[in-house]
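Trainee: As they're listed, the protein sequences go chains A and B. Heads up: the first sequence begins at 19 in the numbering used here, then just goes up one per residue. Heads up: the second sequence begins at 294 in the numbering used here, then just goes up one per residue.
A few of these clues could be false.
Claimed, not checked - A few chain B residues facing chain A, derived, Cβ under 8 Å:
(1) F330
(2) S334
(3) E369
(4) F370
By construction, these hints were calculated from the structure, which means they are not laboratory data. All values reported here derive from a predicted model rather than from experimental measurement. Yeah, the Cβ is synthetic: ideal placement off N, Cα and C, and Gly gets one too.
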Amino acid sequence: MNSTNEGTNIGPYEERVKDFSWDAVSRELGHEDGAPLNIGWYCTDRICKQGLGGKTALIWESTQGEERKYTFDQMRLYSNAYAKLLQELGVKDGERVAIYLDRVPSLYFSLLGILKLGAIAVPMFSAFGEEALQVRLANCDAVACITSPRLARKLRKARPGLPALKRVIVVDVDDESKLKGDEMAYSVEDAPPVDDFPVFPATEETPSLLHYTSGTTGQPKGALHVHGSILSQYITTKWVMDLKPDDVYWCTADPGWVTGISYGVIGPWSLGATQLVLEVGFIPARWYSAIEKHRVSVWYSAPTAIRLLMREGEEIVKQYDLSSLRHLCSVGEPLNPEAVIWSEKVYGLPFHDTWWQTETGAIMITNYPGMEVRPGSMGKPFPGTAAAVLDDRFEPITEPNKPGKLALKPPWASMFREYWGNRTIYESKFKNGWYITGDRARIDEDGYYWFEGRDDDVINTGGHLVAPFEVESALLEHEAVAESAAIGTPDKVNMEVVKAYVALKSGFEPTKDLELSIMNFVRKRLSPLAMPQYIEFMDKLPKTRSGKIMRRVLRAMDRGEPIGDISTLEDE
Amino acid sequence: MAMQDLIIEYIKDEYLEEDDEVGLDTPLISSGIVDSFSMVSLKTFLENKYNISIPDEKAAPEAFDTVRKIIDLVHEFNPDAE
C-alpha cells in the first residue's frame, strides 16, 4: 500500500532518522535545560499560555448520550483544583495516588492534578475485581484513591488489605448518605476555582506514573515512568498520529492501561489537540455515530475492536458519514493483514500498526503516515530508537527474516525506570546492553519488523497482557480446584484468550455449571480479561519431577502440535 | 422461575454490586455493566440453562445489550424456553 509523505508532520522517514535529536524535541516543546518539566503543566497551562485556553480539549459523551465539552483553560483550573485538594488532604510529592474510575471527566482532571502536585498517579482498570485492585494498590502503598460510587463498593472490599490507603475521594456522588466511613464526596465543577497552583518543579527524572503490567511469574509489576516521558509521547503523537491543529482525535483505549494515558492524555494534550472520550463500551453503532457527530479525523484503536467491526460488516458503515476520518492507527497486539486491507476497502484508509509496551511508555516501532504500509508488519523503528532482533546469546541477528528476540537499546525518554520495589526483575530485563521486550520478531530485507509471537508464557488478550500465574493463583482459591494452569489459546477476535486446565478436588464433578462457576469466580477476583473462556478438566496436570506445571505441554496439546521433550515429566 | 426473572437474577448476582437494579431495558453492554469479555460468561450461562448453542456471529454486543434482547435471542434458538 503506497502513499506519500507530502503534508505529513514527519515528512520523509529516512531524513528524520538521520537528523533526530532529543534536544530538538525538548526545544520544540519549549523546555530549556534545567527548567521544570511537569506533564500536568505541559498538558494544560502551557497550552493556555500559547493562547489556546479557549480551545476544546475534551469532548466527553456519556453512556446515556449526554455531551460535555471542556476547554484547555477548564482543564487547567480543574486539574489545579484536584492538586490543591490532594495537597490539603496531606498527600505529598512522590506518594502514590490511585485513580479507579470509568471514563468520566474527573479521571482526566485528577490525573493531571496528581501530576501537578508531584505525586505519582496509578491508573487502575475499572473492570478490575477486588483482588486485582488490592494486589496492585498494596504493592505501591497507595495513600489515596479517587473513585466513583459504583467502584467504591469494590474498593471497600479490597480496603482491609490496604493499610496505607488513608483517603478515598468519591466523585459524581448523587447520594452522600451511601458513602461509608471516611469516604469523601467531591465535585470539582462545584468547588471554588483554583486559578493558580504552584506546580511541582519536576525534572525529567521525577516519577510520574505507575502502570501495572503482567509478567510470566509472580504478581503484576508496576512499571514506573517519569515526567521526561512527555518528550517521547509528544513527538510520537505528532509524527505517528500526525495530529494537526484542527484534528479531532479519538483514542479508544481505556485509561486504566498505558495507551489510554500516553496517547489518551499526554500525547494529544501536550500538542494542544482536541480529543473525544466516549464513556460507552464497544457498540459499533455508537462508535460510528460518534465519529460522524464529532467529525473525528484521527482514530487510534486496537485490533480486537477492528476485528469486531469487521464482523459487523460493511452495511452498517454505509449508514454513517465517516468522511472526516483521515488517519487510522492501531495498537495492542499484531494487526493482521486482513484487517489492514479491510479498513482500506471500507474506510478508504489503512490502519497503521504501532508497536510498544507498558515498559517503553511510547511508540517504538510503527508504520508512519506517508510510508508504504506492509499489511501485517509492525513497521520501522521510531527515529532515535535503536531496535534489533537478538539471538540466544543476545547478539544482533543480521540475516534478514531470521526470527529472534526483539530488543531496544536504552535509554529513551519514556523508558520505564524500575518495577516498583522489584529491582531484581527490572535488571533481568536488560541483557548485553539491550532491553529485552519478551516479543519475538524478524526484520525483512527493507528494514520492516514482523511480529512472530511472545517469547514467554504471558497471554496477550485483546491487547492486554495477562499473567498465567495470577490466573492460576485465583483458580486455586476456588473451592473445587486442586491444580490449575493457564495458557493463551488462539482466538479470531482477541488474538488469544485465557484457557484454564483444572484438576478437581475429590468430591467435585466436572459439570457445565461448575465450569461457569469457575469462570465467574476468576472474573470477579481479577478481571473479565483474566476470566478463562475455556476450561478443560483433567485428572492431573502435566508437571516436571520438581512439581512445576508444564504450560508448554498444555499449549502444544491445545494447538495440536508435537509435545516435544517430556523427559522431565513427572511419572513418565 | 420465569426466564426474565432468572436472567435478571443472574445478572444481578454476577455483574452488579448490592443495591443495583436492572430491568428489561437496562443497557448492559453499552453501559459497561457487562463488557465484551464478560459476555462470554453470560452466553455460557444462557447456553447451559436453556440447552442452546449461540454461534459467534449471533453473539454481537447489541444482541446482549438488554434483558429483553437476550430473551429474544434465547427464543431464536429455543422457542419453547420459558
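Trainee: Check the structure against each numbered hint from earlier and tell me which ones fail, lowest number first.
Mentor: Structure breaks hints 3 and 4.
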